[in-house]
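Protein chains in written order, with my numbering: chain C, 1 to 138; chain U, 1 to 138; chain D, 1 to 138; chain F, 1 to 138; chain W, 1 to 138; chain B, 1 to 138.
Read the hints as simulated data drawn from the structure, not as lab findings.
Where hints are given, some of them may not hold.
Given that identical chains are not distinguished, each listed pair holds provided it fits within a single copy or across any two copies.
[To be verified] Straight-line Cα separation of at most 30 Å, DSS-like style, residue types lysine-lysine; simulated pairs:
| id | residue 1 | residue 2 |
| --- | --- | --- |
| 1 | K88 | K72 |
| 2 | K88 | K74 |
| 3 | K86 | K120 |
| 4 | K115 | K88 |
| 5 | K50 | K63 |
| 6 | K53 | K88 |
| 7 | K120 | K97 |
| 8 | K115 | K86 |
| 9 | K85 | K116 |
| 10 | K133 | K115 |
| 11 | K74 | K115 |
| 12 | K38 | K63 |
| 13 | K116 | K74 |
| 14 | K85 | K97 |
| 15 | K38 | K97 |
| 16 | K85 | K120 |
| 17 | K50 | K88 |
| 18 | K74 | K137 |
| 19 | K63 | K97 |
| 20 | K116 | K37 |
6 protein chains.
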Amino acid sequence: MLETNIDDSTSENLGFVLEQLFELGINDAYFTSIQMKKNRPAIKLSVLCKLEKIEQVENFVFKHLSTIGIRKYKVDRTILKREIKKVKSSFGRCRVKVVTHQNETYVYPEYEDVKKISLKYDLSFNEVYNRIKNEIKI
Amino acid sequence: MLETNIDDSTSENLGFVLEQLFELGINDAYFTSIQMKKNRPAIKLSVLCKLEKIEQVENFVFKHLSTIGIRKYKVDRTILKREIKKVKSSFGRCRVKVVTHQNETYVYPEYEDVKKISLKYDLSFNEVYNRIKNEIKI
Amino acid sequence: MLETNIDDSTSENLGFVLEQLFELGINDAYFTSIQMKKNRPAIKLSVLCKLEKIEQVENFVFKHLSTIGIRKYKVDRTILKREIKKVKSSFGRCRVKVVTHQNETYVYPEYEDVKKISLKYDLSFNEVYNRIKNEIKI
Amino acid sequence: MLETNIDDSTSENLGFVLEQLFELGINDAYFTSIQMKKNRPAIKLSVLCKLEKIEQVENFVFKHLSTIGIRKYKVDRTILKREIKKVKSSFGRCRVKVVTHQNETYVYPEYEDVKKISLKYDLSFNEVYNRIKNEIKI
Amino acid sequence: MLETNIDDSTSENLGFVLEQLFELGINDAYFTSIQMKKNRPAIKLSVLCKLEKIEQVENFVFKHLSTIGIRKYKVDRTILKREIKKVKSSFGRCRVKVVTHQNETYVYPEYEDVKKISLKYDLSFNEVYNRIKNEIKI
Amino acid sequence: MLETNIDDSTSENLGFVLEQLFELGINDAYFTSIQMKKNRPAIKLSVLCKLEKIEQVENFVFKHLSTIGIRKYKVDRTILKREIKKVKSSFGRCRVKVVTHQNETYVYPEYEDVKKISLKYDLSFNEVYNRIKNEIKI
C-alpha cells in the first residue's frame, strides 16, 4: 500500500490523477479526507499495487502531485476466486463476476454492462442490477 | 437546493446517479458522507438547480434511488460574471473561463482542455494549468 | 431543519444523544463531520422535525450537548406515498414498505425484520433483503 | 488489521455488519468514508482482531458484504493496564475503567452504566459522567 | 449562511482563508468534505454571519478562492444567554463562559485559558478543563 | 505510524493535542473522521515519527487523550531530496522548497512566507504563491 497526504493540489488535479492512476495497471486507488495541521482540510491518496509497479506509481505521483514523500507498507490480501463470464439475460448478453466462497457461488453483474443497459432501456441501475442477479443461476 | 439522505443504495449506483444527474441540466450536484441512526454510514445527495428543473430532478431521484423523501429549500446565489473564451496558448488553442470581480479579471483554464493537453504532451496537470494561466493576459 | 456544530462533546455522548433524539418523535437526525477553527475536528448535528417539535428538540440539545446556539431553517419535503404492509414471504410474515411513484410501485423490506430473519437463519442481510423483495409482488 | 473497501453494499447492510462483527469477539471495528473511482462514495471497513480470529472474521465479511478482497497487515499495540471495577457513586453502584500510566491512575466511567443512570434520572450524559469521574478516587 | 464548493484551491490556501475569515467578525466558519463530479474530493466552506457582513465576506471569498458562485440562505438562531466571566481557580484567574438554560446554569472554561494553563503546568487539557469546571460554582 | 481511535475527547482537546504534537519533533500528524460502534462519530489520530520518538509520542498521547491503546506499524518512506532556499522575489526575500525528481527541479514557496506576504500586501494567497513560483528559476 502506498499512501501520501496532499495539501497543495486542487480537487481538479486530484480527480485527474485518480483516473490516470488506473491506466498504470494498479489494483486500486482511493481518496480519504483528512485534517492536517494549520487548519488544512487535505486528502490522503492510497494506492494498492503489486511490488513491481511501485516505482512506476511513485514516479507518477511525484510528477503529478507536488508531494515530496510517499509512505509504503506491505499488505497481504485474501482474494476470492472470481471469473468474469458472459451470460444471457433478458436484456441480452452481459458480463457477470462469478465468485466462489465456501461452497457458495455468488453472481455480481458488471458495473459497465448494468450502466449501458440502464441507459439503453431507461431503467434504474438497481432494477437492472437486481433483475440480472436474480435471473442468472450458475 | 434539493437534498436527500440515502441509506439503501450501493456506491456503484450512487456514482451512476451523479453522472446522469448532470445530463438533466442542473447547476451542481455533490455527495456528503453522513452518519445516520443504527450505525449506518450514509450519503447525502445535494442538487442545486433552477426552480423549473425541480420536478424533473425529483422524478429522476425517486426512480434511481430508493429514497422516499426529498428536502427542498431556496438558496440565493451571488454569481460572478464569467465568459468562456478560446485563447492561444503555447500548447495551441484552449478555453479559459474569464471572471470579473471588482475591477479585477481572473483567468481560469478549462479543466477538459488542461486534461487533454496534459495527456497529449505527458505533462502534469498543474504544470499545464499554471503555464496557460500565466501566459494569458486579458 | 435544526443544525448545531459541536466541538466540546465526546463521541460517546454524541452516540447517546443520537439514539435518544429519536425517542422525541423527530423525522430524522444525522451527523456530518466538519472541520472548525483552531484545528478542531468537529461534528454537525442535523435534526429534521415538525414545527411543533422544535422547542422540545432544542431543550433536549441544550441539555445534553454543551452547545450554546442552534441554527434553524425551513425545508419543504416531497414525500412519496408509502404504507407499511405485513406480507407473507418464504421466511414467514414480514413487513415491507410499499411506495408508489408515477404509476410504479416499489417494495422495500423493513430493516428490523430483515435483520431478525438474517440472524434466525444465519443468512446474509443482502440475501434476505433481495429474496423478500423479489418474492413480494403488490 | 483487516481492511476492505466496500462499494456494493447499502448503509443498512453495513450497520448490520458492524453490530454483528462485535459478536465474534474482535478488538475493534470501524468505518471510514472514502472516495473510489467512477465517482463512488464508498466505505472502508477496518477490523482489529487477534491472529486466531482472522479466518472467522474473513468468512463473516465475505458472507455478509459482496466484497471479494480483504487486505491484512500486522499492527503492534501498546495497551495500558486497565481494570473494570465496581464502585459506589452517588447514583449507586457503577462500573469504571481504571487505567494506570506512569504512576498516574485514571478513572473512566463505563458507557453503558452512565447511559442507564442518565436515562433513569433524566440527567445529561456529560453530567453523570463527570460527577462519577470526580467522586471516585482510587 | 453562505456556502461555496471549492474544487480549485489547495489545502494550504483553505487553511489560510479559514483563519483570516474570523478577522472579519463573522459568527462561525467551517469546512465539510464533499465529493463533486469528475472524481473530485472537494471542500464546502460554510460561513455564518450577520446580514450586514455578507458583502464583505463575499468579497473576501471571491478574492481569496477561485470560486465563482456563493449560495446564501437565511437561518434563524436560538442562542442561549451567555456571559464571559473572570473567576478564581486553583490555577489562578481564568475566564469561563456562563450559560443559562431553563433555570440551570452551566460553566464552560474558555479554551484559550485552559490551553495556557495546560502548557504552563504541563497538565493535560482535559484535567485542567474538568478541574476548573468542578471548582467554579456560580 | 502510530494510530489511535478516540471516542472520549472533545474537539477542543483534539485541536490542542494536534498542535502540541508537532512540538515533539514528529514528521507528521493528522486526523481522520471515522464511525465507531454505538453510533459514535469518532476521530482517528495518526502520527508519523522516527522509531526513537515513539515512546515520547505514546506518553504524550496517553497523558492528553483518554485512549488506552495505540496501534503501531512500520512504514517505509520514499522522500524526494529537498532543500529550503532563501530567494529574491518581487515581494522581497522569501523561502522556497527546492525539490529534485528525475532530473526535474520543482520550486514550492514556503507557506509561512506566502502567508506573511499575502497579509502585508493584501493579496490573495494563490496570487502570491503563483507569482513567486513563476519568478523563481533554479
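Hint check:
1. For the homomeric pair K88 and K72, neither the shortest alpha-carbon distance inside one copy (43 Å) nor that between copies (37 Å) is at most 30 Å.
2. Within a single copy, K88 and K74 get their C-alpha atoms no closer than 40 Å, and across copies no closer than 43 Å, so neither meets the 30 Å cut-off.
3. In this assembly of identical chains, the alpha carbons of K86 and K120 lie at most 30 Å apart only when taken from the same copy (19 Å versus 35 Å across copies).
4. Only within a single protomer do K115 and K88 lie at most 30 Å apart by alpha-carbon distance; the minimum there is 16 Å, versus 33 Å between protomers.
5. Taking the closest pair of Cα atoms, K50 and K63 come within 30 Å of each other both inside a single copy (20 Å) and across two copies (26 Å).
6. Taking the closest pair of Cα atoms, K53 and K88 never come within 30 Å of each other, the shortest separation being 36 Å inside a single copy and 38 Å across copies.
7. With identical chains, the CA atoms of K120 and K97 are at most 30 Å apart both within one copy (21 Å) and between copies (29 Å).
8. With identical chains, the CA atoms of K115 and K86 are at most 30 Å apart within one copy only, with a shortest distance of 16 Å there and 33 Å across copies.
9. Taking identical chains as interchangeable, the C-alpha atoms of K85 and K116 lie at most 30 Å apart only when both belong to the same chain, with a minimum of 17 Å there against 34 Å between chains.
10. Proximity of K133 to K115 under the C-alpha cut-off of 30 Å is found in both arrangements, the shortest distances being 14 Å within a copy and 21 Å between copies.
11. When the C-alpha separation of K74 and K115 is checked against a cutoff of 30 Å, the pair qualifies neither within a copy, at 35 Å, nor between copies, at 32 Å.
12. Taking the closest pair of Cα atoms, K38 and K63 come within 30 Å of each other both inside a single copy (25 Å) and across two copies (21 Å).
13. Taking CA atoms no more than 30 Å apart as the test, K116 paired with K74 passes in neither setting, with 37 Å inside one copy and 35 Å between copies.
14. Taking the shortest alpha-carbon separations for K85 and K97, only the intra-copy value of 6 Å comes in at or below 30 Å, while the best inter-copy value is 35 Å.
15. When the C-alpha separation of K38 and K97 is checked against a cutoff of 30 Å, the pair qualifies only between copies, where the shortest distance is 18 Å, while the shortest distance within a copy is 45 Å.
16. Taking the shortest alpha-carbon separations for K85 and K120, only the intra-copy value of 21 Å comes in at or below 30 Å, while the best inter-copy value is 33 Å.
17. In this homomeric assembly, K50 and K88 never come within 30 Å of each other (Cα to Cα): the closest approach is 34 Å inside a single copy and 42 Å across copies.
18. With identical chains, the CA atoms of K74 and K137 are never at most 30 Å apart, being 38 Å at best within one copy and 39 Å at best between copies.
19. Within a single copy, K63 and K97 get their C-alpha atoms only as close as 35 Å, which misses the 30 Å cut-off; across copies the closest is 16 Å, which meets it.
20. Proximity of K116 to K37 under the C-alpha cut-off of 30 Å is restricted to the inter-copy arrangement: shortest distance 18 Å between copies versus 44 Å within a copy.
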